[in-house]
Amino acid sequence: MLTGLSFSSPWLVGLSAFLLYPLAAAFYYSLCDYSVLLPPVFVGFDNYIELLHDKLFWKSLYNTSFFALGAVGLSIVTALTLALLLNSKVKGVSAYRTAFFLPSLMPLVAGSMLWQTMYSGQGGIINTVLAKVGVTGPAWLADPAWAKIAIIFMAVWGAGNSMVIFLAGLQDVPTALYEASIIDGAGFWQRLLHVTLPMISPVIYFNLVMGIIAGFQAFAQALIMTSATGAPEQATLFYVLQLYNVGFMDLRMGYASAMAWVLFLIILALTFTATRLSKRWVHYDR
Amino acid sequence: MRLALVVCALLLLCCSCGRSRTEPSAGPRHVVYWEKWTDFEGEAMARVVDGFNAAERARATAEPGYRPIEVEMVVVSSIEQKLLIACAGGNPPDVAGIYSTMTAAYADKGALTDLTELARTSGLVRANYVGRYYDLGVHRGKLWGLPTAPASVALHWNKRLFREAGLDPEQPPETLEQLDAMAEKLTKWEVTLSNGEKQIRFGYQRDVPVAQKRLLQVGFLPSEPIWWAHGWGFVFGGKLLEGDRITIASPENVRAYRWMASYSQALGVDAVRRFRSAFGSFASAQNPFLSGQLAMEIQGVWMFNFIKKFADGMQWGAAPFPAPADHPELRGAASAEADLLAIPTGAAHPSEAWAFIRYVQQQAVMEQLCLGQRKASPLAVVSEQFYAQHPNPNISLFAELGASPNAWAAPKTGVWNEYNRELVTAVHKIANLTLTPEQALGEVQRRIQVSYDRDRAIYQKRLP
Chain A
1 MLTGLSFSSP WLVGLSAFLL YPLAAAFYYS LCDYSVLLPP VFVGFDNYIE LLHDKLFWKS
61 LYNTSFFALG AVGLSIVTAL TLALLLNSKV KGVSAYRTAF FLPSLMPLVA GSMLWQTMYS
121 GQGGIINTVL AKVGVTGPAW LADPAWAKIA IIFMAVWGAG NSMVIFLAGL QDVPTALYEA
181 SIIDGAGFWQ RLLHVTLPMI SPVIYFNLVM GIIAGFQAFA QALIMTSATG APEQATLFYV
241 LQLYNVGFMD LRMGYASAMA WVLFLIILAL TFTATRLSKR WVHYDR
Chain B
1001 MRLALVVCAL LLLCCSCGRS RTEPSAGPRH VVYWEKWTDF EGEAMARVVD GFNAAERARA
1061 TAEPGYRPIE VEMVVVSSIE QKLLIACAGG NPPDVAGIYS TMTAAYADKG ALTDLTELAR
1121 TSGLVRANYV GRYYDLGVHR GKLWGLPTAP ASVALHWNKR LFREAGLDPE QPPETLEQLD
1181 AMAEKLTKWE VTLSNGEKQI RFGYQRDVPV AQKRLLQVGF LPSEPIWWAH GWGFVFGGKL
1241 LEGDRITIAS PENVRAYRWM ASYSQALGVD AVRRFRSAFG SFASAQNPFL SGQLAMEIQG
1301 VWMFNFIKKF ADGMQWGAAP FPAPADHPEL RGAASAEADL LAIPTGAAHP SEAWAFIRYV
1361 QQQAVMEQLC LGQRKASPLA VVSEQFYAQH PNPNISLFAE LGASPNAWAA PKTGVWNEYN
1421 RELVTAVHKI ANLTLTPEQA LGEVQRRIQV SYDRDRAIYQ KRLP
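In order, the protein sequences belong to chains A and B. If you count the first sequence from 1, position 194 lands on 194 in my numbering, and the numbers rise without skipping. Every position in the second sequence, counted from 1, becomes a number in my numbering once 1000 is added.
If we strip away everything but chain A, and leave its shape as in the complex, we get (with noise of 0.2 Å):
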């Protein structure tokens, strides 16, 4: 029991002192007024009725999901579709795949930036090659209507990770399966949804699980390519972004530290809802 204990404590000790403890704390400074400077004060829920009246927290939620729906929606279907495309057997199929993956590897800030320029209003690459198919691209950024979808896309152009997992998850389906269904006389579209599509599920849950986490957790591209305030408009204003601006620019930890909870407990919702609503698709029996 002891010797078990000793050897597992690394874990122990790394999850008390860095999960566990600051979940706790964050949930006990959420009940406080709490400036970092000066010693928490207890207010009970105040914080969280707050929150209920605070028209920048459901702006900033109302951003985020708006966000996270659109990229892992967008995200999962064009990984899959390049994984699709990657797996059949061409010629420099391993240069393609470095291709398509390596946008993954670009460090996010670089990323922003580099998009950023790309979707300049005027002069910008996307919005010059539009014009040559007689297309007036908006001002990306700078419009309300069309910065988060800017964003969006630029999440897309990062699949490469899921992209991966999709294709090591396709490997892995059993040929035997696809010989199978090919004698019976199933064709493209039948053999992608009677067979690779159940036996790839797993893969499709885990991305989606993953990539619902990292969508609402957005923060650092809005921060670089349109700033803290979340211009044009508050249309980029991300939960997490709102929460550094509460709690690091204004000093409202306390406060900060309840958006933190809200937003864990929505992750773990949609975690939860997700992993129940897999029970009816996701196929673990091979």
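Simulated from the structure, these hints should not be mistaken for laboratory data.
Below are the DSS-like pairs computed for lysine-lysine, each with C-alpha atoms no more than 30 Å apart in a straight line: (1) B:K1239 with B:K1412; (2) B:K1308 with B:K1188; (3) B:K1142 with B:K1412; (4) B:K1412 with A:K59; (5) B:K1461 with B:K1109; (6) B:K1461 with A:K55; (7) B:K1412 with B:K1036; (8) A:K55 with B:K1109; (9) A:K55 with B:K1082; (10) B:K1308 with B:K1159; (11) B:K1142 with B:K1109; (12) B:K1308 with B:K1036; (13) B:K1142 with B:K1461; (14) B:K1239 with B:K1461; (15) B:K1188 with A:K132; (16) B:K1142 with B:K1082; (17) A:K55 with B:K1412; (18) B:K1213 with B:K1159; (19) B:K1159 with B:K1185; (20) B:K1109 with B:K1239; (21) B:K1239 with B:K1142; (22) B:K1142 with B:K1036; (23) B:K1213 with A:K132; (24) B:K1036 with B:K1082; (25) B:K1461 with B:K1412; (26) B:K1188 with B:K1309; (27) B:K1309 with B:K1185; (28) B:K1159 with B:K1188; (29) A:K59 with B:K1082; (30) B:K1109 with B:K1082; (31) B:K1239 with A:K59; (32) B:K1239 with A:K55; (33) A:K132 with B:K1198.
These numbers were taken from a predicted model, which means no experiment stands behind them.
Dock chain B against chain A, hints included.
Relative to chain A, chain B alone:
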């Protein structure tokens, strides 16, 4: 046994993590100074620190038994956040070079040492300074920091673009009406005619459909630079805070932001969006003023350094910012902020830290620092040599603007950051014509008054 070993190892680790506060009884007294500037500004401060350390060593040689103070300068980025964490962790630097806009939030939360008595006994009084700069360190009647390099703002204009537009390059606007008229003449479009021919035209080109014109150059844009979002009201005599009242929706402020919206109406919201989104970052040759896309702009004393670095040879001028014709007395409204030297609460060596701050306040040292940082001096007495040696040809103007009765500083409140963010958003809504100035400013006033009252209530509850 094994568990005991693990526990012992962890205890040892925990013990070694604590910072040893035991002072050696011999050798120099170590003072840690956090500086926020890098590049030439940081180097100028490093020379001041070297001068202080050399003076201390010389004193130790002359006075046997005297333990000299040795200042170690550490360059720290994002000082607003890092100082917060350091103070909360009980391990702050001895001296911090803060922004004047941080004073209220940090002082109210007990993170700064009250310097009132120290300054009084050292003979450092308000009369030694340009009063406005000294006041930046004063909050609720107490002194929390002393100024170093100050910064004020002025209208900058590009003389080449003035000449090209047929304007006198030596004659900047004196009233807002003149500025508006000049801005129109300085605005340049590429117009595509129905036969596909492209023409360059000056003026606002209101009759040309949006799809047929593209902005190449703008005379003036009130939404540029966006950090000035909070400053326009002062040009019209508005204020951001009066007593305990947030006054952003006052008639003067509404008039200011209505003037701002007039530019969006004249140029077109979408054209401005596209034009602005092509601007490069401030510290680059693609900065709109440096690249000649913007003919006039309100900018600070620092702009000279960026002109030298990215657009050397540019013909430019600086002048007091114009006022509305019906309020000529408001000409030269300028924000006047400064860097401050402060001692965080819990600093290990407060008296040594004060010795360093006092050293920097000497006229010769302050002039060395401000000359190196290419700014004006915050002191009341400035040598002729300072102006003669200063690389910025307009430095006297910036000094005058900082000291003028029309100079102003950000309101001293713990909610200033939130107020400023809300204003930036309001300015976007006004410039995009999404909301009228009355609606946008009214919303900011309502929200910030609530935050202000809450912040004040918390502070008052905690007053000893």
